[in-house]
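J.: Combine the two chains into a complex, taking the hints into account.
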Amino acid sequence: MALRLWASRAASQLRSSLHLRGYATVIQDLKYTDSHEWVKVEGNSATIGITDHAQDHLGDVVYVELPEEGTAVSQGSAFGAVESVKATSDVNSPVSGTVTHVNRELDGSPAL
Amino acid sequence: ISGKARELLEVKSVLRDKIPVIRRFSGGGTVIVDQGTVFVSFICNKDAVPGLQPYPQPIMAWSSLLYDEVFCGAGDFRLRENDYVFGNQKFGGNAQSIIKNRWIHHTSFLWDYDMVNMTYLKVPTRAPKYRMERDHSEFICRMKDLLPRSAFIEGTIKAAGTHFLLRFVPCDAIESSASANFMPLSRMLTRQELEAAIDAEPESLLSQSL
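Chains as they are written, first to last, in full-length UniProt numbering: chain C, 1 to 112; chain H, 1 to 210.
Chain H extracted, bound-state conformation (with noise of 0.2 Å):
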């Protein structure tokens, strides 16, 4: 909710590109979203995993735990300050938003990318401390170098399965459930929004940026 585009983002890029850029209702950070993104999204009751306490480092920490079962070990995968690593290298990224009776952690992963497409986020000055001033090259990994893209979701669900009952849903199913009184707080920005975050831009950010 407090995310500038014209820190996140190289907004000029993004603008000339005609990348549609969403602001999410959670927390977290920036991600690109490709036909590569493999989203993970769990929306609980704040009962639904017994003795959990509804705030973020507790979640963070149970959603690692799941996450556990799904890799096993490979690829020295861990929960690293707020992200899903393979040693240091970054493949998921994490978002939550808590409310009084829910919660919901959601997740990025990163099984394929085009490096191109990550010159259109800066390197937040918010960081992990891990990072190390690492650019995105170096920082991210894709996890299809370590597993086939089947056995990341088969694990998922079967991991899943070992903490609730499942359900398969088709999506058209869950499209056609969705409340008509629904107003979703994701949005796409305009682009008189984004190019606001440029006329907004600081000689200095201007000059660290290019």
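If we strip away everything but chain C, and leave its shape as in the complex, we get (with noise of 0.2 Å):
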């Protein structure tokens, strides 16, 4: 499967199709992992980021470890990292591939 991997944002974007639960907020078409990153599934290919709560919980995100385009992902291994001021945090695909794009904007502008 191919990914893009994008900023957590995109899920702040979709709102707008939201379908509030409860407390939860689950958007319409994304497919979500306990460990907070969400997959959004078209085609053969699948869009990653992480949840809002997750970067909530993260703090001020300093910057993005993102893995290089053609790389393989597993299912539920780490593919990259978050860094916020104190701490690494592992980023876990939610799919099994290869990585197609990754979202560059994150350089600049970690906390996107």
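Careful, some of the hints might be misleading.
Stretch by stretch, here's where chain C covers chain H in the computed footprint (C-beta under 8 Å, at least three residues) [said to hold, decoys possible]:
#1 44-58
#2 94-104
#3 116-124
Simulated from the structure, these hints should not be mistaken for laboratory data. Note that CB positions come from ideal geometry on N, CA and C, so glycine has one too.
T.: Set out below in structure tokens:
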């Protein structure tokens, strides 16, 4: 599967199609891991990000370590990391596949 | 993982005095390690502390509760932003790494230090607000001025014992049980990497560091 790694704010930008459910905000067409990554599958490709819940709890994000395009990732395994002021936190892939694009805007704006 | 030697260190002095530099796998800032430094690391499965969410701030807050039990208010101990302080002076720096099923929270405690060694560190561009642009001499303090080393170590063990069941393991038993497949992510920077950091330093940074 081809993977696009996108900023987590993409989740918030999709809020117009939200279906509020109790205290959880679940966006249609997204699947979630228990480690708070989301994935949107479209055909043979998928877009991955971290949820607002994760980003809020990470605090100020100062750096995002992204894989190189062409890297193979496995479901459940770490493929990158998010660095906040005092912590590095792994980001785990919800699916297996090959990275085709990464969001290079995160290089200059890690808190995106 | 994002730290750049040229931004964090007085690299020329570090090279001149042959100070080893280690890049940690965890987050956090740069610390001087000497014979007096006390390290305390909590390596926990994600479910080890009931109800604790495996994110930086909850772990940081939990750790401060544990150290509250150690200091019992002495020295006006508190967690301030992400540092352990007495009043407004830092004595403990924290770093964390959080993976899928485990996390580590580790602290380097400034037991005693030679202020001369602190000159190897630049004032970081990303500093806590409470630092208020103070240089190292005004920002940090020595733990030994507040309590005996044995009292701190025994107090920390006792406080840990209120959260976990403790078992003492000799250091050589830990080393011998290390997996042959384990590849540490922390590593020493090479002389070439440090020299490259000097070469990469722009004029504006050079003038600020003088």
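J.: Indicate, hint by hint, whether the structure satisfies it.
T.: Quick rundown of the hints versus the structure:
Counting residues of the segment 44-58 of chain H whose C-beta lies closer than 8 Å to any C-beta of chain C gives 5; at least three are required, and the coverage claim holds. Counting residues of the segment 94-104 of chain H whose CB falls under 8 Å from any CB of chain C gives 7; the rule of at least 3 is met. For the segment 116-124 of chain H, the stated coverage by chain C is not satisfied: 0 residues place a CB nearer than 8 Å to a CB of that chain, which falls below the threshold of 3.
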